[in-house]
Structure formats: C-alpha cells, structure tokens
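Below are the chains, spelled out letter by letter.
Protein chains: 2
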Amino acid sequence: MVETESRGAGRRRAGGRGAKSAAAAATSAVKQLPRGAVRNPVNPIEPLSADQVETIHHASLKILSEIGMEFLGEHAKAILREAGADVRADSNLVRFDPAMVEERIKTAPSSFKLHARNPARTVTLGEADIHFVPVASAPNASDADGGRRQGNREDFRNLTRLIQSLHCLSFIPGYPVEPTDIDRRTRHLEAMRDFALLTDMAFHNYSLGPQRTADGLEIAKIVRGGISDAQLAAEPSLLTIVNTNSPLKLDSPMGHGIIQHALHGQISVITPFTLAGAMAPVTLAGALAQQNAEFLAGLTLAQCAKPGAPVIYGGFTSNVDMKSGAPAFGTPEYVKAVQAGGQLTRRYGVPYRSSGVCAANMPDAQAALETQMSLWGTMTGGADMVMHAAGWMEGGLSASFEKMVMDADMIQMLQAYMQPIEVSEATLGLDAIAEVGPGGHFFGTPQTMERFETAFYAPMLSDWRNFETWAEDGSKTAYERANTLYKQLLAEYQEPAIDEATRDALNDFVDRRIDEGGSFDDD
Amino acid sequence: MVETESRGAGRRRAGGRGAKSAAAAATSAVKQLPRGAVRNPVNPIEPLSADQVETIHHASLKILSEIGMEFLGEHAKAILREAGADVRADSNLVRFDPAMVEERIKTAPSSFKLHARNPARTVTLGEADIHFVPVASAPNASDADGGRRQGNREDFRNLTRLIQSLHCLSFIPGYPVEPTDIDRRTRHLEAMRDFALLTDMAFHNYSLGPQRTADGLEIAKIVRGGISDAQLAAEPSLLTIVNTNSPLKLDSPMGHGIIQHALHGQISVITPFTLAGAMAPVTLAGALAQQNAEFLAGLTLAQCAKPGAPVIYGGFTSNVDMKSGAPAFGTPEYVKAVQAGGQLTRRYGVPYRSSGVCAANMPDAQAALETQMSLWGTMTGGADMVMHAAGWMEGGLSASFEKMVMDADMIQMLQAYMQPIEVSEATLGLDAIAEVGPGGHFFGTPQTMERFETAFYAPMLSDWRNFETWAEDGSKTAYERANTLYKQLLAEYQEPAIDEATRDALNDFVDRRIDEGGSFDDD
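Chains G and S are the protein sequences, given in the same order. Here the first sequence is numbered in my numbering, starting from 1 and rising by one per residue. Here the second sequence is numbered in my numbering, starting from 1001 and rising by one per residue.
To be clear, the hints were calculated from the coordinates, so they are not data collected in a lab. Treat the hints loosely; a few may be bogus.
[What the hints assert, rightly or not] Once the Cα atoms are required to be at most 27 Å apart in a straight line, the calculated DSSO-like pairs of lysine-lysine come out as:
| id | chain 1 | residue 1 | chain 2 | residue 2 |
| --- | --- | --- | --- | --- |
| 1 | G | K487 | S | K1476 |
| 2 | G | K476 | S | K1323 |
| 3 | G | K31 | S | K1323 |
| 4 | G | K476 | S | K1476 |
| 5 | G | K323 | S | K1487 |
| 6 | G | K487 | S | K1323 |
Let the sequences and hints guide you as you build the complete structure.
Structural data, given as structure tokens:
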C-alpha cells in the first residue's frame, strides 16, 4: 500500500476506483453486520443517586460562579460579557451567575442530525441510537509490519480507507492519525479532501483557528452538493471536538471553534480533559464536578453565541497512575465516570459523547480488556457517540491498524448484543424440542436449518476452531489474525462514488486554498 | 514447582508451610484488593419484558408436562413418582404437572450460606453479593513454559494454590484441572484433601456416584472441625454442579447428587448444558425455555427429596458456531442469555450461577475480549456466583495459569468498579479546585496527597508505562507479564493454617478410604 501521491492525486485516482461497482463489496470475504444505526435498548446504569447528580451540578455552578474559568481570546470574552457574565477588564477569568448558566442550558437542543454527503450515512445524535466512531488525533501509527512510526499521510489515508470499510463506524471524529508530512498550513485542506473522497461519511473540523474552521465550513457545503449557508446551518454536517485545557481554561482556537460552529449551526463536542489526580481532583466526585463546570462553560459560550446551537456533552474523566502520573484508561474509575457523566448529561438533555479507550502499548489482552471496560461503560452509560472506539492505543498516542479491526469486532459484538431477543411461538421452538426429544440434537431440525446462517453473530477475528486445528494452522494470535484482516479489508477497499461536479468543486476549492498558502492562523 | 509427592505428602509438608506467618503475605509484591464479599450495586439489565419472562416460564412448564424429561436412575424416578409426577413403568420419561412444579418452586430457599473451614471465607449466596470462582473440570492445563498438557496432580495443586492466593476468588467449584494421573477410584479423595489443606475455602463435591458424594459429605464434616450431620445440614458446606445431559435428560449420578445433597442440606447448582443450535433450539427463546425446563425439573427433584433444599439456578446457554458445530462463549447471544437467565432466576427467587467463559485457544486479545463480554454479562445479569471466571480457556478444555491471573485482574477491576462513588464536601474538592485555579495541576494538593495511594485501582497486570519505557523493557505482552505474575504468586504462596486435629482426622479418613480402594461407583 505504499503511496507517494502529492496533492491532486485523489482526483486522478478517484475515477478509476470509484468506478468499481459496489457489488464487489457484497462478495467480500470479510463478513460484517449491515451498516446502519443501532438502537441501544439498555437502561443506563446509574452509579449516582438523583441527589448526588444535583449535588455535583450545584458544585459545578459554584465553581463557575466563585472560582471562574479562563477564556483566552477576546471574541469569547466579549460574547460572554455581553450576555451578562462577570468578565474583568484586566483578566481572562470569567465568572458565571448560576441563573445565567441554567437559562443557557434550556436552549441547547436535545437531538440533531449529523449530515453526510451520502444521505444513507447521515446519523441522529441524542435519540436512541449509539454511534461508534474511530480513533482521532493520534500522533503515531502502528502495525505489526512497520512498527510504530510518526503519523504520515499514507497511514492517514489507509486508516481512513479502513474506517470507510468498517460497517460499524458511523462518522469521522478527527484525523485517525496526524498526517505530519503535510505542511501544517495546508494539512486541514488535504485531510478533509481525503475524508470527502475516500469516505462518504460526515467528518470533523478541527478548531485550530478561524481560518481553518472557515475552510471546513466551505468544504462541508461543497461535499453536501453545494448547499447554501442557510441549509448548512439547518443541517449540521460537521462536528468539532473542543477540549478544555483543564483545569478551567479554554484556549483561544477552541473558543473560536465553539463560536463559529454555533454561528453556522454546526456541532461542538465540548470535552473537558479532566484526568483525576492531575488536571482534576483525585476524587471522582471532584473530577466530575470540574468536568461538568467546564462543559457548562462551553455550552454557555455556544448558546450565548447562538441560542439553539448543537452541543454535545463530552465526558473524558479518567485517572492517572499515581505512581508515575501516566494517564490510565478503561479503568474501574473510568467506567464509573462514564456512567456518572451520562447521568449529568441526561440532566441537561443534550447528546453524550464518551470514548472507547485503553492505555496498552500493543493490541494484546491488556488492550482488549481495557477497551472492553470502556466500551461496556459507554453502552451502559447511555453514550450517543463513542469516540476512539476503534484503533486507539497508548492512551491516544498511537493508532493501530490491527487494533482498529480488533475493536470493530468488539463493537459489532455489542451491536449484535443490542438486538432484541425475539420471543414468539416460532422462536420458542416447542415443536423442535418435541421432535428432537430427550437425548437428541438440533443440528438437522427444520427450525435450525431455516436459521443457521443468521442465527448468531459471526465474528471477524475470533477463531473458534479447536486447539488442535488452530495449532496446526500456526497458533496465530488475535493480533496476527488482525494483521491479515486489516490488509484484506484494505485490498478490498472501494472508493465510494461521488458526483463528478462535487468532486471538481471540492478539488477547485482545496487547490485554490493551497495555492493561497492555506491557513495563517498559527503565525 | 516440580512435585512427585504421593498421598500423605500433604501431611508431612503442611506443618512447615503452615507455620510460616501470614505477615509474609502482607508484604507480597503483588498488590491485590482485600479479600471479602463484594456487593453488586448494578440494577440488572433485562433484555426480556415481564411478559416475555412469563411466556418462557410457561413454555418450560409445557415442555415438562407435554414432552417430559428423562431421568436415569431408579431413586430419582421413585421420589418423583411418589411426589405425583407422571412416571411410566416402562420408561425413564417423567412428565410434570405444571401445578406440581409451581408448588415445588415455593420451597426453594432464596439465599443461604456456603460455609468454609475458615469462617472468614464463608459466603452468602442469593443476597446482594457477587462471587467470582475459578475454572473447573478442565481436562488440560497450560502455561507458556510447558504448553498444553493433560491434566495432572502437579498442575491441579499449583492451580489450587493460585486460587488460594487470588483474593478475588470466593470458593472452589470443582477441580481447576482434572488430575488424571490419580486413579479414578481415589481421585476425589486425594483432590478434596488437597482442597482442604492447600486452601481454606469451601469446595465442590462431584456428583459421580453415591459413594463419592458420601465421601465428600464426610470430608466436609471433618474439615469444618468435626461437625455433626445435623450441623452440616444446617450449614451448607459443599456444592455440587449438576449438568443435565441436554436436551431433557438427567443422568443417574447427577440425580443421585441432587438427592444426596438435598437430603444432607448441601447445595446443588442445576446447570443445563443448552448450547443453542446443538443441544437446544437455534433460537435464544427456545434455548432459554429448554434451559428453564431442565432447571425446574432438577429443582423439583431436589425439593421433592427434601423441601427447602438449597438449589442454585445455573444458566449456561450459549451458541455453537454454525459452520463447525464448535461451542462459542462470550458471544453476543451468550450475554443476552446470561441476562435473560437472571430474569428467570429472579422469578423463582433462588441464587443464580453464571460463568465467565471464552472460546480462545490462548490468553490473547480474543480471550480477554470474550471473557470480558461474559463477565460484564454476569455482573449486569445479576449473577450471585460467576463460575469459570478465572483461568478458563478453549471452551473449558484447558485451564491456563496465565489466564487465571489475567482474569483475576479483570475480576478485580469489576470489583473496584462496583465500589460506590463517594460524593461529599471532601470529595467534591472545591477547595482543591480553588487552590489550583485555572491552568494549574493537582499533583501536590493536600487533597491528592491524602489519597494518592488508595484513590485508584492499581492493576496487577496492565502496564501503564509509556511506549518507550515499555519497549526498552522488552515490549512484554500481557501474556508474558501474566506468566511472571503467576509464578510470583506461586513462589509467595503460603499454605493456610489448619487445626492439627482436623488435619489428622482428614488424613485418617482419606487414607482409610484409599486403603479401601476408593469408590466403586463406576464398576
């Protein structure tokens, strides 16, 4: 899969690849669940009592009114001052009256769509569906063949292709790996072009300054078929992850992202980076109160900029290893924080973003067990959007090709689990039980024969052969099988069809902006 | 750990080992959670509606009244005939009137204790606690050094020592691996002596014929300090796993086990072996109806033998791989069956046994992800007793030393997760948040310093060091670390103290029964 393409290459190749029919995908050797939204039927697990939720909520309001939060960037401070927050002239500290925050919570919508260029891949956030989305913003990529290396465009594009190939993933919440070999000024342009051409899903717009954000808004309008500003505002087509600089600080580009996305009707996922013991109190209650305060500050900025702006509550509270200060993920405390964060989110009536994360350094049993802890936390915590759910490793420092397909199998297992048990005369099967009788077997009954191909989830990765057969075949670990599997998916990858005019318009815009030098926001 | 001890060796060594003080254990390099019961605060996840539970219940009664269940063994048939079941003279088929089953459900107790020789290790089943217990009855053992080998006494004893060493495990539900190098006639005697001397936990009594079961009852009285039959009957100290021979058949030794345990007040865990698509219908509803019917038949036998006999509902429904017929575990269907089985169990008001299982052939990511699926199913399904929760591999065909400690770490993670979030002025930490202020960090705050040693779960196995440090240290996988860890635990193992008179009485009984030739039940 070695590629040395430079900009514009997408245009030249797309026709050839896109021309391949979708029929080939249907005959793929890799069996996946069908694409589409999955309803989560699980009543959320709630580790906090209703009183405890209120106590944490009020502690957050107290933090915002008595301690305050720092906003870097004059635009954010101006909007908040205008809306009645206490913003001192000589300081970045903003204090919020509790009543002001309570009022702003009311205008945040409880659900909204995220529109993709392929309408079949538009998703709804904030209703009953749970969406799993891949790793984002890893500085390194890794696989068994090439080991761990700095993020580059080849890996970026292959991971993006893999994301498109995996049915269980809903949209793209950021660069799966940072393509550091693309100049920083034009990286967002090249990367979003890749997203638009290599996939047909909705994608992410980094809050890295007003110019980049504006480029993203233009690209979204183009890939949606040349829609107007008004239609874009009515049909959210981009999301931006806004991380606070915990504790209690919002950097200028992040504030700009919230404001611009709010003004243009696009989604902000406000995600405090509250690692208990480091950037937040060592106690979960304290870390949650701080997370909640920082989220509410971001929500308030968005709603002051534009009432009704779509925001998502991003919960990311985990803990550090107190021996080393290293962040830990998929821990017991992480799961509790995920579920408690879901309770707080439901109090505010907005969608909830959580994450499928781990601290492991390779896709071994540690990676699987920590990721499963996280994923179960998100599913039982009522998350609408599960970020980093496929491919995330090393606490986010690496995107692994093997782990991406390993995680996809876990996600599919959860998706299959969420399908209801059908109880009917036919499924109770008393006729089959009577026919087989005591001591018989069900392999050949009509009930079995009618259903055997679809009755059970067929895993992509798990090897269920007996020990002897497995050993004769080389005793391959799940990691080795994942290596084969991701390459098979890449070999079968097909670029999704795109309207010719849309592609031309996209390339024209991106090429022009690159010729202009890209973004000068960092200067 | 090579051992070539023959019978009686336990006596010679116990004094020396037992004499070592417990203080050494306190200084172990392996940090574990404290021993003790863990309350499960999770409201069970219920995939079935209340109506669906009733529908499955009534389907089970219909199976028992219209199709019937085969009971091999005259004693069971006589008891059931006496109690009013329809038992034909020329057949083993027993049909149960629904009203009879409903009546018998009423006499089954909702909770009871399982007494250990160390009173601190007595457990309660059927209340709020969740008990994790190790793999049982694996025919093979495996570790990285010796590979996979047929079960033998050395591995049996080392696994038993490991079970005693792992704080998270509550009691012994069977031989962790079958010690096939001990003669079948005396195996139960040697193995139960090992359980009694190498651990201080309650243990299992195999239903392999009346003579073996009776030996187990004698041993239990001795190890409990020479208690009477009446005290044993009042204080259950043994459990026996009763597997039906699905579909709808109970073999003679299993029936004897239920009857003898009922008559002596000991516990029967009635566990139908309903693999959907093979020994049960391919549909979950059908497999659950059959599981439930077989359980109710066993419960009815126990309650007819002795009203009030302690029984546990054993749910084991999983599915087979329809391509190969191989059993699969930790699947989406398995998790649904675990949770639905919990619902049925709660309808009957008895304790629930489920399992932490997988189909993987080695302790890799597949093993971890399948086992996590199972364990989350049991915790969210309301299980009182989670069998095979540590060390089970290959669908039960192998007990792995490495997987046992890997699973113990997962169990401890769940145990830590089940601890409540403390919400108080002190844990909300607003003083710490004010003191640190925007942009600071919490590493040195008094709140952190007071709590950093105990704030978070410290894993036994997960390596949270950064990639570079981990790579410099040899890039060890979780499997390799588990190998080191289990050997460390075995090196630190200490035989628990036992009363001298009790040990002598135990050895006298076992040695006498061995001299008599052991059990002739198989002849």
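Verification of the hints:
no., hint, verdict
1, K487/G - K1476/S, "25 Å, holds"
2, K476/G - K1323/S, "20 Å, holds"
3, K31/G - K1323/S, "13 Å, holds"
4, K476/G - K1476/S, "17 Å, holds"
5, K323/G - K1487/S, "24 Å, holds"
6, K487/G - K1323/S, "24 Å, holds"
Hint compliance for this structure: every hint is met.
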